[in-house]
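One-letter residues, chain by chain:
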Amino acid sequence: MTDVRAPEADPFESSAADQDDHAPGNTDRQAGSALGLAGWLRWAWRQLTSMRVALVLLFLLALGSVPGSMLPQESTNPAGVQQYYTSHPALAPLLNHLGLFNVFGAPWFAAIYLLLFASLVGCVVPRTFRLAGSARALPPRAPRHLTRLPRSATYSVALPPAQAVQVAANVLSGHGFRLRRSAERRPAEDGDLPDGPWVSAEKGYLREAGNLLFHLALLGVLVSVALGGLFGYKADRLLVQGSSFEDTQSALDEFYPGRFVTAADLGPFGITLDKFDASYITSGAQRGQPASFDAQVSYTAYPGGPTRTDNLEVNRPLSVDGAKVYLIGHGYAPVFKVTDAGGQVVYDQATPFISGTSGNFLSQGVVKVPDAQPEQLGFSGVFVPTAIEVNGVLQSAFPAPDNPVVSLIAYAGNLGLNSGVSQSVYQMDTAGMHQLTTAPQLLLKGQSLKLPGGQGTITFTGYVPWVSLAITHDPGQLPALICGIAALAGLLLSFMVRRRRVFVRARASGPASGVQSTVQVGGLTRTDASGGFEDEFASLAAELRSAHDQAAQRQHEGE
Amino acid sequence: MVKAPWLRARRRVVVLAAAVVAGALLAVVLLFVLPGGGSSNVTYLDSTDRAVLYTAGHRPLAPDFTGTTLTGSRFSFSSYRGRVVVVNFWGSWCDPCRAEAPALGVAAQQYRPSGVAFLGVDVRDTTASAEAFAHNFGITYPSVSDPSLLITQDFATAVPIAGTPVTLVVDRTGHIAGAVFGQASYAELNTILARVTGTGSSR
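Residue numbers (the working numbering), protein chains in the order written: chain U, 957 to 1515; chain P, -14 to 188.
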């Protein structure tokens, strides 16, 4: 009969299939010229979705990112790229040709991550289908010889085979097993079921459900990351104490939008930096190291909305309007007032200076006064929060402004701004200018420098701190977190739950055929799962036996 | 080699999944490669897509706003209602603004008799620098201060303002009829203004 099959034909088929996919060496050697184009395509697809290729792609992705962090990138540091061109005139064009100055936008990089995405999706989607099928599958038919299974028990009971199997089915069903029964066609007639009726029971489908959850969640992570990349944005903004900005593209210093983000999707929140405090360790080996940063901001979630206040600290961002605002840096902005030859005030503002690699916030910057008459004025300056002189060189002894000093070199001439090409506000092109002062001029707060030739005056009127803020909006962040947790839960479930099968078969035996049965109980589980099945099987077999004995007893009393 | 039995049985599912994935990938690639679809409500004045005319009936409504001018007086945009207004977003720190300032000055002189009002919105700037700029370039029309870009943000919800400068031409009904994103040339301003004022004016 067809309902009898060797157990070896059904080695937990779904689990075996799991291992086939993404397995190293899962190469179809039949795919060759004989199979034609379709065969080649199928071969290529199977290669792409194999574990080996996925790992190679992942490695290539990591390798491809290396030049992105080693070399200056067009998108983040165009000035660095220009500098690289001047310092390596022979090498730079070659690197540029390979796209190494724009790694994350280069076609070869896109090829790697698209292939990796395809590989992951191509692996996960078919497995999801298979797991879904496996989670719904019925247990296999009972093997003919249950004593050949890893666990088995045999006993006699004074019940007809069909009734014995019914009793076993009730017991197993009560333990939460999923059942499959032999066809119950006239069980008393010989020849229909030569080996007697049977019941197959299987438990631990949660393992497959966990596996399914893991794979679906993995897809969810991929989709979430894509969501963040397409609909999120990152932006930077430098904000001087006392000033405000609205989250609109013109107000941002750097803006890296996702594919589907337009200027209209920004904001509409506004942030004002009310006060920034930094404190530093004043003694010991750690002297000069930052102790705390605190940026007091007031913000409105939308124009005209209520004003709220918050304190930004490092790694304590402000959440507003779906975006997160991080405090990522700070510095000093000396305030200068410049009058030109005609006595007109042509510049009066805080000018952010940037601290370089040298410590203690020795900061550099430029003051460009393009509307001074009769000539444009420019100043290249250094701000020193705690000034000391070491061998005639100005240095900063401490990052806090204990003895603030600026040092300026004045220029006059053509700043080269009117051509319409945007210049960095932190750099000055002195090619069209002449130096007005031969040596750097030191100014204390409140002091002025009179420019020679009656060209005007510059006054160092004070200083204010500035902060740099990073604004990020990533709609994929929360879904990615949820999917990540779900993936972990699914993985744990699939590790901790065992699939195990129990078969019961009853054969008519003894002189009074059909009344006495030999009951065989067999069980097996996956070997790679944790132990404990022996005990479970033993207690289950004992319970089956006592249930059978009780049933036989009742029947005997009833007769 | 004999293929695994599951492979044969599940091939249709695998091929189907592969087709779906390939289709999705193709869609993603096309999204990345193809340029954004242009709106039919917009006419580009040149190949650069910077200068645009909005088709009548599809013109974005200009937001109303109030502010303070560089000279310290209160200003309300609604006081210009019924006139064609050129709104120029600029800053003294902005290099292309310097380059376009003479063209704006010429256009302002030329269209004043037609009743066209010019208005500057001085973004992310200080009064001292902005006044020096206006003085230097002989700009006679008023400018409203917008240090934190509140006004700019209002307008950015109507038209895609991505930086400075931007020049908008608002028609008599208060709708934005034309725009130059980036440095405006006299020719671009003249073309838009001639259409919007209906003068067909040329030099």
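Everything labelled a hint here was simulated from the structure, so no lab data went into it.
Computed from a prediction, not measured in an experiment: that's the story for all the values here.
You may find that some hints are simply not true.
[Stated by the list, open to error] Residues of chain U placed beyond 10 Å of chain P at every Cβ, according to the derived structure: (1) Leu1011; (2) Thr1228; (3) Asp1250; (4) Gln1320; (5) Val1325; (6) Thr1342; (7) Asn1374; (8) Val1377; (9) Met1452.
[To be verified] Now the in silico label distances, taken between C-beta atoms and shown as ranges: (10) U:Ala1426 - P:Ala41: 51 to 57 Å; (11) P:Leu46 - U:Glu1210: 27 to 33 Å; (12) P:Ser58 - U:Ala1387: 37 to 43 Å; (13) P:Val91 - U:Arg1215: 38 to 44 Å; (14) U:Val1346 - P:Tyr126: 35 to 41 Å.
[Stated by the list, open to error] Reference listing, derived: stretches of chain U covered by chain P, where coverage requires no fewer than 3 residues with Cβ under 8 Å from a Cβ of chain P: (15) 1266 to 1277; (16) 1441 to 1448.
Glycine included, each C-beta is placed from N, C-alpha and C at the ideal position.
Taking the hints in turn, this is what the structure says about them:
1. Leu1011: 19 Å, holds
2. Thr1228: Nearest chain P Cβ is 8 Å from U:Thr1228, so the label is violated.
3. Asp1250: The claim holds: U:Asp1250 sits with its nearest Cβ about 22 Å from chain P, beyond 10 Å.
4. Gln1320: 18 Å, holds
5. Val1325: 8 Å, violated
6. Thr1342: 28 Å, holds
7. Asn1374: Since the minimum Cβ distance to chain P is about 5 Å, U:Asn1374 lies within 10 Å and the statement is violated.
8. Val1377: Not fine: 6 Å to the nearest Cβ puts U:Val1377 too close to chain P.
9. Met1452: Per Cβ check, U:Met1452 is outside 10 Å of chain P; nearest 25 Å; holds.
10. U:Ala1426 - P:Ala41: 51 to 57 Å: With Cβ atoms ~43 Å apart, the hint is violated.
11. P:Leu46 - U:Glu1210: 27 to 33 Å: Holds: the Cβ-Cβ distance is about 31 Å, inside 27 to 33 Å.
12. P:Ser58 - U:Ala1387: 37 to 43 Å: 41 Å, holds
13. P:Val91 - U:Arg1215: 38 to 44 Å: 40 Å, holds
14. U:Val1346 - P:Tyr126: 35 to 41 Å: The hinted range 35 to 41 Å is violated for U:Val1346 and P:Tyr126, with Cβ atoms some 54 Å apart.
15. 1266 to 1277: violated (count 0)
16. 1441 to 1448: With 0 residues close enough to chain P, the hint is violated.
This entry does not satisfy hints 2, 5, 7, 8, 10, 14, 15, 16, going by the numbered hints stated previously.
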